[in-house]
Amino acid sequence: MSGRSLRGTVAVVGVGETDYCRHGQAPEPEFVLCLKAILAACRDAGVDPVEIDGFASYSNDRNNPPSLATALGVRELRFSNMQWEGGGGGGAGAMANAAAAIAGGLADCVVVYRALAQGQFGRFGQGPQARTVSSDLALTVPYGQMSPAQWYAPKVIRFMHEHGIGQAPLRAIALASYHHAQSNPRAVMYGRPLTEAAYDASRWITEPFHLYDCCQENDGAAALIMVSAERAKDLMQTPAYVLGAAIGAGFRVHSTPAGFATPDLASSHFKTLAPRLYQMAGVGPADVDVVQCYENFTGGVLMALVEHGFFAPDQAMEFVTPENLLAPGGKLPLNTSGGNLAECYMHGLELQIEAVRQLRGQSTSPVPDVNVSLAVAGPMVTPVSTVLFGSEATL
Amino acid sequence: MSQTYLPPGLPIPVPERNGLSAPFWEGLREERLRVQRNPATGLYQWPPQWIAYDTHTFDIEWVDVAPRGLIYSWTRVWHPVHPALRDAGPYLVVVVEMPHAGDVRMLGNLLGDPSQQVRIGAEVEGVFEHHPGAEPPFSLLQWRVTGAA
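Taken in order, these protein sequences are the chains called Z and L.
Residues in the first sequence are numbered from 450 upward in steps of one, following our numbering.
Residues in the second sequence are numbered from -5 upward in steps of one, following our numbering.
Hints were generated in silico from the structure; no laboratory data involved.
If a hint is listed, it holds; no wrong ones were tucked in.
Here are the simulated distance ranges between beta carbons:
#1 Z:D763 <-> L:D81: 37 to 43 angstroms
#2 Z:P634 <-> L:H94: 54 to 60 angstroms
#3 Z:D763 <-> L:R113: 19 to 25 angstroms
Residues of chain L clear of chain Z, computed beta-carbon distances all greater than 10 angstroms:
#4 P17
#5 G21
#6 R23
#7 E24
#8 R26
#9 R28
#10 P33
#11 D53
#12 V57
#13 D58
#14 D107
#15 E119
#16 G127
#17 T140
Predicted model, so just to flag it, every value in this text is computed and none were measured.
Just so it is clear, CB atoms sit at the ideal spot from N, CA and C, and this is done for glycine as well.
Input sequences plus hints: build the corresponding full structure.
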């Protein structure tokens, strides 16, 4: 292999977010939320916002770099980047794109951001209201399969079928997110704990997903500031170095409406990414201290954890228990801010922030002595993406 | 008892303006299931594409295949996300694999009792569901477990 790598070249030096709220309850326009998150991340880093020279986002974020650069008075725009397709699966990809731009000399100070005010635009969880549908949508919508939960459920059912997996691992993933949210005052579900009994009694959305297997829909904004490793040493926060990153999917993974046709249906689509991630990072699954994994639906988290090498599918029933997933002492502390399920559905960018906070020792559910912190974006879509952050000790 | 599995009012499937999938939708109206095949290699392809992914030919044929297969996966939908489905649930969606057509997969509803236990691997046969009163009219391909009434 060539020596091309992001390892240790770039660091996250600032993180920030607005207040998180239920969908439709954003007190301000989405663009204002976006600006406020960026300013918060700059304050956290000790970076003057006019020094930002690059912008990276994903999922067709509506707040475009030229508008942001103009509004903020940035001196020079050098990088204007959108991770193409995959919705929330692009979160780690946006981080990787920003890191690549810095490592490659295109830009010096890149902000990765995402803003959502679903009340001001459309919601993700509603079906299409158009009179006609064409192309891939025409193959599913007339059969009543028209929301993300409905599109991804057959992938999870097939995976559970192939490996003899019951509902308990999905429940454990939901319980872990809600448990961690109870320590996180930012979390929309702060003060609203979830019990096993409440999970079991909750209504089905579409089998195998109960209500609590599904992400929230929220309003807010989040941002992270990235600079070169050299620059990071002079700033305010403990740097979270990028150890490795990977973007993509395997063979002929169809975009979401036609996902039923993907040859490897029972997959979160990290099988080809995880080996590249670990090779670049120079670490393996056993070295990972804490995991943030995008929960669109818990079943996708389950497959993503398998494909990142933390356990074999046939061990899922035994391994994926609440005890193993909880900070500080679990074998694989997962979604320690509450994640998409219980902190906020900031389209997974809150998970990138939490991965950084764990390395800094600033999580509200801290895992002791974190050196390697994983943040996974968007299981079951294409392209998906994944990133590993490390402490200075890992370099 | 409605003549269609789901109530009317859902978006109507129509071919793209460029006509890529028109042979499929026209076929369903004539109770024929047609999918794409590369005439040179016999590679089946679904959903439709402009190009065959094995040889990169644009010369792709549409062939009739028997509407039968095996349940590959499924979901039972309880929470409606469209106004037309407000009182329709629960309903069953199945992914059907067709081993006699290169393992291409179709998606449809599984007819019969929506509370039935669905078995992955079960043999199913296609049932053409016509919507002649829609504007424009269209047909869907539904599925039922082979041998079931």
